[in-house]
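Taken in sequence, the protein lines are chains A and B.
Letter 143 of the first sequence, counting from 1, is numbered 143 in my numbering, and no numbers are missing.
Letter 233 of the second sequence, counting from 1, is numbered 233 in my numbering, and no numbers are missing.
Careful, some of the hints might be misleading.
[Said to hold, decoys possible] BS3-like, lysine-lysine: derived pairs with alpha carbons at most 27 Å apart:
{"hint": "1", "chain 1": "B", "residue 1": "195", "chain 2": "B", "residue 2": "270"}
{"hint": "2", "chain 1": "B", "residue 1": "273", "chain 2": "B", "residue 2": "248"}
{"hint": "3", "chain 1": "B", "residue 1": "270", "chain 2": "A", "residue 2": "149"}
{"hint": "4", "chain 1": "B", "residue 1": "270", "chain 2": "B", "residue 2": "248"}
{"hint": "5", "chain 1": "B", "residue 1": "273", "chain 2": "B", "residue 2": "195"}
{"hint": "6", "chain 1": "B", "residue 1": "248", "chain 2": "A", "residue 2": "149"}
For the record, the hints were derived by calculation from the structure and aren't laboratory data.
These numbers were taken from a predicted model, which means no experiment stands behind them.
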Amino acid sequence: MKVLVCVKRVPMTGGRIVLTEDALAIETKHLGFAVSPHEECGVEEAVRLVEQHGGESVVLTLGPADAEEQLRDAMAIGIDRGIHLVTGGEEWDPEATAGAIVDAIRADESASGPFDLTFFGNESADSGGFQVGLRAAYALGRPCATGLKSVVVDGGVVRCEQEIGGGRDVYELPLPAVVTVLEGLNLPRYPSVPGRMRAGRKPLEVTTPTRPESRLALARLVVPAGEARQAEVLGRGADAAPAVVDLLEQIGVAS
Amino acid sequence: MNLVLVEHADGVATDVSLQALALAAGLGGEVHALLIGPGASGAAGGVPVAVAHVAEHPALDAFAPDAWAAIICSLADRIGATAVVAPGTGPATDAMARAAVRVGEPLAANVTAVTAGTPLSLTRLRWGGSLLEEAELHAGRALLTVAPHTVAAVVAGIPGSVETFTPELADADLVVRVRDHVAPPAGGVSLADAKVVVTGGRGVGSAEGFAVIEELAALLGGAVGCSRAVTMSGWRPHTDQVGQTGNKIAPEIYIACGVSGATQHIAGAKGAKRILAVNTDPEAPIMSIADYAVVGDLHEVVPAISAELRRRRA
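The whole structure should be built from the sequences, with the hints applied where relevant.
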């Protein structure tokens, strides 16, 4: 089977988010980057599906030139080839992102056949729009289930499980289909050194789409005013235990 | 006039739906509600809007997001809604995103505040709430989901009228639908409901190291949580993870042991009434978020707390 996974490069923000001077972006000068967590599980699942069923796995991203790093990371754990829609680093909204991805999918499919299954993250870690996968699915005329913690392909059907109120709702979609997944779908593997070596030589197709005007226009970002507090130190080491238990008793959770 | 998708459970509108109604009321004009699925007509009686529309159709017994989207779009057209608002839950967000594609409009997810106007000004969550975005929405019909627990709910009340209708549904809108439900595993305190959550981070050091965390959680009748670093190391299952991409918790006290306090972790613990951090590093980010702290090695501190609890109970 032929499987596509779409990923987004996001900064690893650590303990405190710092904005650029114009407040339109996160200051990333001192930050590393990674694939958005839900999509990391999508990459792993795509690799597993092709390991089980045979075929080809492809990773796609829309992002700056540096996002090649995330495509190579995906290829290092077993994805066969990449598609990079290169941007100038400016933000693309969900409609624009889905539009460019759909164009790229159509171009790829006309050259090398349809994708049986396309993975997206349920939402990106940074802008959290919750819609790119669904927009792509509608444009392609394919069924889509969202927020999945289990994806099993059996014959021409994908069985999908979505956590809801502790239990799970089950969907069955005919292929070709689109799925949006959540972290917890699987435990992604770490790339091996030979995997990393191979990744550098795998094919990567690069195109440069044009960004349309955004209809959800960012005015500015704001770091929420958290209560700047300093924790009250109850003590050091094991000697702090009586003070901690006093606190637990005081708030009524000790018994 | 604005339309709100109201979710309901056990015959009552959910809290997050009453929060969505509050945000919609802020847009000005009359508010209508849409309720779908089994129990909708009962729940409609407690929704304080001008008109509560109830969609009834045998195919709606199981959740079918494309059908929900079709109903949202056709009702919004019929009543001339200028905005459609829904709670930011998984199913409602899913249905609203499909509705947005169908009508060719943008969707603003996880909105916390709006100011009416053209364009509409809004504030929404990024990074699971660690960052806010102020944006302008240029849309013919504004489609919004409301970030849960960021807006005070309206008080339940009686609608001006309840109008029941049977939507027309195409077969294509029923391809994606819930076929089966797997019940949650029995037993144990769920992270979402626990009064006490004891979480271990990278500082726990190993899967076996969680024994002390489990012991304290059990003594307090609480649940065990973990950070993403722990999940990715394979020490605990993802179902234990607290954070932006894990569980959202709201305990009386959150005891974070060996957790550095990355923004993505704290995004899941914002609902905690109090945070107690146990950490060897007094400069760790968690120390400026926590209410209380113990500076020290969790492998010494946590067993000492358990021992003290036992001693006082004896």
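Does residue 273(B) pair with residue 248(B) here, judged by a C-alpha cut-off of 27 Å? It holds: about 13 Å lies between the C-alpha atoms, which stays within 27 Å.
For the pair supplied as a hint, residue 270(B) and residue 149(A), confirm whether the alpha-carbon distance does not exceed 27 Å. Holds, because 24 Å separates the two Cα atoms, which is no more than 27 Å.
Between residue 195(B) and residue 270(B), is the straight-line Cα distance small enough, at 27 Å or below? Measuring from Cα to Cα gives roughly 14 Å; hence the hint holds.
Is the Cα-Cα distance between residue 273(B) and residue 195(B) 27 Å or less? holds (10 Å)
Run the distance test for residue 248(B) versus residue 149(A): straight-line Cα separation, threshold 27 Å. Roughly 16 Å between the alpha carbons, so the hint for residue 248(B) and residue 149(A) holds.
Quickly compare the C-alpha distance for residue 270(B) and residue 248(B) to 27 Å and report which way the hint goes. holds (8 Å)
Hint violations for this structure: none, all hints satisfied.
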